[in-house]
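> Okay, so the sequence shown: first residue is 23 according to my numbering, each after it adds one.
Keep in mind that the hints are not guaranteed to be accurate.
Here are the simulated EDC-like pairs of lysine to aspartate or glutamate, each with C-alpha atoms no more than 20 Å apart in a straight line [what the hints assert, rightly or not]:
1. LYS29 / GLU48
2. LYS71 / GLU48
3. LYS71 / ASP47
DEER-style ranges, computed between Cβ atoms [unchecked claim]:
4. ARG51 / PHE74: 48 to 54 Å
5. PHE66 / VAL26: 57 to 63 Å
6. THR52 / THR27: 25 to 31 Å
It is worth saying that the hints were derived from the structure and are not from the lab. No residue lacks a Cβ here, since even glycine has one placed at the ideal position from N, Cα and C.
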Amino acid sequence: QSGVTVKRSTYTRAFVSGRRPVTDDEKTRTKTAALAFQSVHPFFVVVMKATFVSRGFYM
23 QSGVTVKRST YTRAFVSGRR PVTDDEKTRT KTAALAFQSV HPFFVVVMKA
73 TFVSRGFYM
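Construct the entire structure; sequences and hints are all you get.
In structure tokens form, the structure reads like this:
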């Protein structure tokens, strides 16, 4: 030990989205469009939540 104290900086790298919040009307229209989708192949609809994706993903 040289007697030198080193202060280590700890921080979380985060990004702030410049996007505006999604309105309730936009959410409703999107869900309606998803439910109206038809396919000959099996599928299902999932309403995305912030906890379903990693921190860097913008919803």
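> The structure should be examined with respect to each hint, and the outcome stated for every one.
Evaluation of the provided hints:
A threshold of 20 Å between alpha carbons decides the hint, and for LYS29 with GLU48 the separation of about 48 Å lies outside it, so the pair is violated. The straight-line distance between the Cα atoms of LYS71 and GLU48 is roughly 15 Å, inside the 20 Å bound, and the hint therefore holds. Distance hint between LYS71 and ASP47 is fulfilled; the C-alpha atoms sit about 17 Å from each other, no more than 20 Å. Our hint of 48 to 54 Å for ARG51 and PHE74 is violated, since their Cβ atoms are close to 21 Å apart.
Remark: the range hint 57 to 63 Å for PHE66 to VAL26 is upheld by a beta-carbon distance near 59 Å. Here the CB-CB span from THR52 to THR27 is close to 54 Å, at odds with the stated 25 to 31 Å.
Taken one by one, the earlier hints fail for this structure at numbers 1, 4, 6, listed in ascending order.
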